[in-house]
Every structure is written in C-alpha cells, then in structure tokens.
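S.K.: Each chain is listed here by its residues.
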Amino acid sequence: MALASRRQFLALGALSSLALGLGGAALRWFRSGYALSAGEVALGLDAKGLCVARAVVDTLAPGDAELPGGVELGVHQRIDEQLFALDEATRRELAAALEVIEHVPPLLGYAGRFTRLPRDARADVMRKLLASRRDLFVQVAAAYKQLVQILYYSDARVYSKIGYDGPWVKEEKPPESAILYARLLEERRRRG
Amino acid sequence: MITQGASLLSTGRDVSVESDVCVIGSGCGGAALAARVAEAGHRVVILEQGGYYTKDDFDQREVDMLAKIDGGRGLEASDDLSVSLTYGHNVGGASVHYWADSYRTPGDRLAEWRDEFGIVGHGEVVLAPLFAELERDLSVEPARDEYANRMNQLVRDAAGALGWHVARVPQARKACRASGHCMQGCAYDAKQSQLVTYLPRAFRAGADLYSDARAESFEWDGRRVRAVVASVIDRATGQPSARRVRVEARAVVVAAGGYGTPELLLRQGLKDRLPAVGENFFCNPCPMTHAVFDEDIVMWRNIPAAFGVEEFRLARYAGPRRVFGRGGAGRYLEGGYLLMPNQLHPGMLGAVLPGFGVEHARLMKKLPKLGGTIAWIDDVEPGRVRLDAGRRRIEVPVHGGNAERLRDAWRKQAELLFRAGARQVIFGDAADTRIERPGDVQRAVASLSLRPGRNVLAAPHPGGGARMGADPKTSVVDIEHRVHGTDNLFVADPSVFPSPPSVDPSLTIMAFSFLAADAVRAAL
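Order-wise, the sequence lines are chains A and B. The letter at position 41 of the first sequence is residue 41 when you use this note's numbering, and the numbering goes up by one with no holes. The letter at position 139 of the second sequence is residue 139 when you use this note's numbering, and the numbering goes up by one with no holes.
Just chain A, with the same shape it has in the complex (with noise of 0.2 angstroms):
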C-alpha cells in the first residue's frame, strides 16, 4: 500500500511546528477546533489528527442506502489503532498527511479547513488530490484512500452488503497489538 514521501510529508507536516514558531495565538489556532466525539480516543494520532481521519473516512466510505458509513463503522478509530501500532518514523509520517490533507484546501480554491468542509467539497478535494501534478498530493491522498478502503472493506458488517462471504474460521484471533489498543481504549474510555 503506498504510503508516505518521507521527506516531504514531514516538511508539509511541519506546518504544525511553523505554527508553534509563530507563538501561542496562532498554535492556538492552529489546534483549536478539534474536538472528539463521545467514545472517541486519540491513541495513534492526537485529537486533531483523530478528527482530521474521521473526516477523511467520511468522505471516502460516506455509506449509502445498503451501506454502512466508514464513521458508523469506526474505521477512523482502527486508523488510529494501525498507527499505534506502527514505528514512530511511519506514523510521524502518517500523521503528517493529515496534516496536508486538513490545510491544504485553500490551495484548491476552498476557503477554510478540510474538516470545516460540507462532504461534497471534501470529496472535491481528494479527487483534486489524486488527480494533481504534484507528486505530494496524489501520494497523501492515495496513502488514506487505500488505509481506509481496506479497513472499511475487511469489517464484516460490509460483507454481506457486497456479496462476500466471510473467513471460514469463524472465531477472530486478533493480533496483540489489537489486544493492547482495545484495553488501552477501554482504560481511556472509564476514565472519560
């Protein structure tokens, strides 16, 4: 699955660090206007890059009459768990594409952030994403286009809405990591 350009992703992503050199209004700025919604925790990314995935899921698997949206199905929580479970180095990575992906609309004529964005403009801006000559752009929008069509894709509430059958195993064996995420995500959750 492709994912990020390494140096460039964190050189857009370092707009967060260009905000912190501006000094605390604009980081204010910059961070404020991200809150989760009730059962959400930011384990992989912070509550911004949560925020950002779960407007990138929203756009991408919007759900139809037959099926299930992706924020129905929690798919932005399990990016947040993929990324906990990645190297630092990736996910640094990754979280800078949210980056790009939540600043980068007044680049393709949308005043305002991409989370502020009614779902058709943000659809306009991933098609614009992945159909632009910049090499940064298709690689971030593609990177998330594909993270979150195999997590929405691979839950079985979709299965049958497709006409796939399923593992034959029928138990699921998650992996450790999930085990620990889950935990960590309850502990979280208690603790409101």
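Just so you know, these hints were derived from the structure itself, not from any lab. Every value quoted in this text rests on a predicted model; they were computed, and no experiment measured them. A few of these clues could be false.
The calculated lysine-lysine pairs, modelled on DSS-like cross-linking and capped at a C-alpha distance of 30 angstroms, are [said to hold, decoys possible]: (1) 174(B) - 173(A); (2) 161(A) - 55(B); (3) 170(A) - 271(B); (4) 173(A) - 365(B); (5) 369(B) - 170(A); (6) 271(B) - 473(B); (7) 173(A) - 161(A); (8) 161(A) - 365(B); (9) 170(A) - 55(B); (10) 173(A) - 55(B); (11) 366(B) - 128(A); (12) 365(B) - 128(A); (13) 174(B) - 170(A); (14) 369(B) - 161(A); (15) 170(A) - 366(B); (16) 173(A) - 366(B).
The hints should help you fit chain B onto chain A, whose structure is shown.
M.R.: Coordinates of chain B only, in the frame set by chain A:
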C-alpha cells in the same frame, strides 16, 4: 524448541547461548538451511524478528493477518511510494503468506547467471537433484483442475485463444481446502510453508528458534563473527525491549530476506569495504489489472494461480536481449514477466480499485463479478537498499526498462481480460482509467502515468542486495555464499541472486540454501 519473545520478556533476563550455526531469519532461505545443517548433526539456533503464529492463529481476517505476518502491517512502501513492499514478518517468513507457486529456476536464467555474472556451481545439473528433493519434501505438483476458480479458467482459456503459452502452476500443497486465504496464512496447514516443512524438521534435529528476536549487531573477532546480538521485540507494541539474546556461533548465516539482509549488512558497516551491499536490488514490481464480468467470478475462493501465462517470461528484443543492470541491448519489443490470475479479498481489492465514495461502492457491490490479473515484472533496472539516518530506504526504479515492461504487462493483461469476456477493464490508477473496448487498450495504457502514487504496484519478491560473484567490488558473497573478506559469515536468501529468477523465487531460494548449507558445514 521455540522460545517466544513473551516468555523472554517475562523472565526479565538476557539470554546467552552457544551453537555451531546461528541463522538469522526463518523463511525459505533460513529454514531450509537450518534443517539441512541440523540434520547433519550440528547445533543450530535461529533468530526470527517476527512472531510465531500457527494455523490456530490464522483467522483469515485481512487486517488481523497483515498485523501478524506482514512486515510493516502491509503499510510500507518504496522511497518514492511507487511500490508497496510485501514481506514476511513471522516465523516461516514470506512462505506463510505466499501463493505456493513453486517453479524450478529456468535453465536459461541459470545459464545467464553463469555467463553474465560468473555464478558457477549453481547450474541445472547441480540443482536438478535439489529441486527434485524439494518437490518431494513440499509435495509440489502441477495445479489440479479442482484448484482452478473461474478466474483461473478464464485466464487459461483466453490465453489459449490468443495463442499464448499457458501452463499449470506448480503448487506446494497437500489436501488443499481451497478457501482462498493463502495470503492470510493457511488455517489448514495445507500450504507447504516453512511452518510445516523445514522448520519442524530442523526442530526435530535439535534446532532452537527464538521468535521476536531482531538481530541488531555482530561481535567480530578479526575476519570472524563471534556472536550475534538480538533485541527482543514486544509484539504488542512492535518496539524493541531492553532484553537481548546473544548467540555465540562458529558460523553465522544471514537469511533475513531481500529487504532485511542488505539492511542488516549495512548496519554492520560492511558497505565501506563491500560497495555492492544494498546495490543491484530487484523486487518483481507487480502491476494489477481489474475487470468486470457478466458472470460470477468469485476470485477470492480456491487457489490464487492454478494457471499462469508463461508466453512473456522472457522479454523479446529486436537485437541483443537486455540483462539485469546492463545496458546496450536491442530495442524492446514485449514481455519480461509472468502473467497470473489475481486473487484478492474485499479489503485489499477495495484498496486497489480506483476512486472512492458512492462510485467506488457501486463497483464493490459487483464483487462476485470482479476479476483480474497480475504480472510479476522481471526487473532490469537495479534498485537499492540504503540507510538514511538509521532508517531503511528501498529504491525501486519505475522507469527505463522496468517501465517498458510495466506498460506492456498492462497491455497484455487488458487484451487477455477482454478475450476472457470482460465487460470493462479497470487499470486501478489514480486517474481511474477504464475501458470497454479492446480497441482502446493501446491508448489507455499510453495514458497511464508512472509518477509516484498514481498506481498500485506490489513488490513481493525482493532480492539482489547481497549479490553473489567473484569480485568484492561488485558482489557481496562468493560462490560459496560466504561474505567476501570474512571466514564464517554467509548469506542464504534471494539477496545473493544476481538478477531476478524470472519465476516465483521460493524453490530457487531453497535450492541455493542447500548449497549454502554444504558450504557452512564445510566451514565448521
């Protein structure tokens, strides 16, 4: 005996052991060699950085299994993100997720290795009895008719109609249940991976294996490696712990795979005196092509590839044929790949199909009628494995001769799929190129961009980064698989191949490992 990381972590103590041979890696290369050496009466310790999972752990869920047995959870890519890196990260290595395709190395490729790269002692005559032994041990036989799903049948019939040479793919299977979950690890122990073949033999002969133990450094004594030190990995976090396993050995064999072996050698500083470490890398980049049919295909059941198109295994040129890493060839005409039916379950298929949202969902709702093909490109442009601030980087060239072969593979796949009855052919690129008429194939393929991120290419067969040869300036190991300038350090995996073997490499890796085992035993 197998000692897993969790038990090492629970003791809170470091481990120090002695053996005759320390083998780093437990895939096709390491396991075959370990069995051979252990059965000859030598003490063997295997270090494997991945976890130990068996059929009871293989739940056939795509994401669960990516986390258990795939390096980087299937999320790693080449340096410019053009190619996804596919490799095993578990006891048994990539043999646990491979398709069980088991080809002998073609004689023409062995002759090329001898004539172009000076690889002697590894020719057809030497290897033939080893292949025969491997085929017995792994129950290799041509794919049976009952293994062929509809996509396989269509590929066989369409290739035949086009006049292309198509053949049954030799398979390492026993009592296959045809679940179609080969890539998630066989839950029935039918696929003859290292988990059920050479590793048990090695254990029966007394070999020990430490899982979750990542080899980090060598202790040197002049030209000899005295010991290997490994970090114990916490499987839940994927992070190395403070616990160490130290293996003192009379010989050390690196069999960490096409990505891992050059990385480990680079980390030991060997590049300074062996400039070929990490160079001449190849990986069989794989372009996929998808199709919508009117009939049910159900591509996810039965085995991935019962029939393969061998017509284009060797590239055709007007003039001299191109050799890996060499220029000056004639004009490229076509070929340089094997062409296979594809098998994907919905998670991976969803990821590689183009687009998103409602349009993408509409396509996925046709899942039973979706099929496709994949091509293993026989690379000719060398890539590289390098370290950048301590991090492994993989460079895969998607230009020059590799690009010519990629485009021709897309063309041939589209022609084949239309002949097989496809109503629509989908290239899966970021621009979502789809065609519905065979007459549009040339134009469509010419329009495909090869810039990073535009296509989904997998890289399942890495090798070459520790090439075999006589000259320490251009190779890493000699013809006895020993690292130049050392007395007891060997490599036994596809890193030693001078170029791609032009077929699935598993049998070639194991046959070479048998030869490496002989050299290791002689050095003890």
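S.K.: Does each hint fit the structure? Answer for all of them.
M.R.: Structure-based check of all given hints:
1. Taken as a hint, the residue 174(B) and residue 173(A) pair is honoured in the structure, with Cα atoms around 25 angstroms apart against an allowance of 30 angstroms.
2. Under the criterion of a C-alpha separation no larger than 30 angstroms, the hint pairing residue 161(A) with residue 55(B) is consistent with the structure, at around 29 angstroms.
3. For the proposed pair residue 170(A) and residue 271(B), the alpha carbon gap of about 49 angstroms is over 30 angstroms, so the pair is violated.
4. With a CA separation close to 27 angstroms, the supplied pair residue 173(A) and residue 365(B) stays within the 30 angstroms bound.
5. Simply put, residue 369(B) and residue 170(A) have alpha-carbon atoms about 25 angstroms apart, close enough for the 30 angstroms limit, and the pair holds.
6. Between residue 271(B) and residue 473(B) the CA atoms are separated by roughly 10 angstroms; this keeps the pair inside 30 angstroms, and the hint holds.
7. For the hint linking residue 173(A) to residue 161(A), the alpha-carbon distance of about 23 angstroms falls within 30 angstroms, and the restraint holds.
8. Among the hinted pairs, residue 161(A) with residue 365(B) is consistent with the structure: their alpha-carbon atoms are about 7 angstroms apart, no more than 30 angstroms.
9. A hinted pair counts as satisfied when its Cα atoms are at most 30 angstroms apart, and residue 170(A) with residue 55(B) qualifies at roughly 13 angstroms.
10. For the given pair, residue 173(A) sits about 11 angstroms from residue 55(B) by alpha-carbon distance, which is consistent with the 30 angstroms threshold.
11. Proximity of residue 366(B) to residue 128(A) is assessed by CA-CA distance (about 26 angstroms); at most 30 angstroms being required, the pair is judged to hold.
12. Of the pairs offered as hints, the one joining residue 365(B) and residue 128(A) holds, with about 25 angstroms between alpha carbons and a cut-off of 30 angstroms not exceeded.
13. Our distance criterion of 30 angstroms between C-alpha atoms is met by residue 174(B) and residue 170(A), whose separation comes to about 23 angstroms.
14. In summary, the hint linking residue 369(B) to residue 161(A) is supported, as the alpha carbons are separated by about 14 angstroms, within the 30 angstroms threshold.
15. Only pairs whose Cα atoms come within 30 angstroms are accepted, and residue 170(A) paired with residue 366(B) is accepted, the gap being roughly 24 angstroms.
16. Simply put, residue 173(A) and residue 366(B) have alpha-carbon atoms about 29 angstroms apart, close enough for the 30 angstroms limit, and the pair holds.
Consistency with the previously given hints fails for number 3 only.
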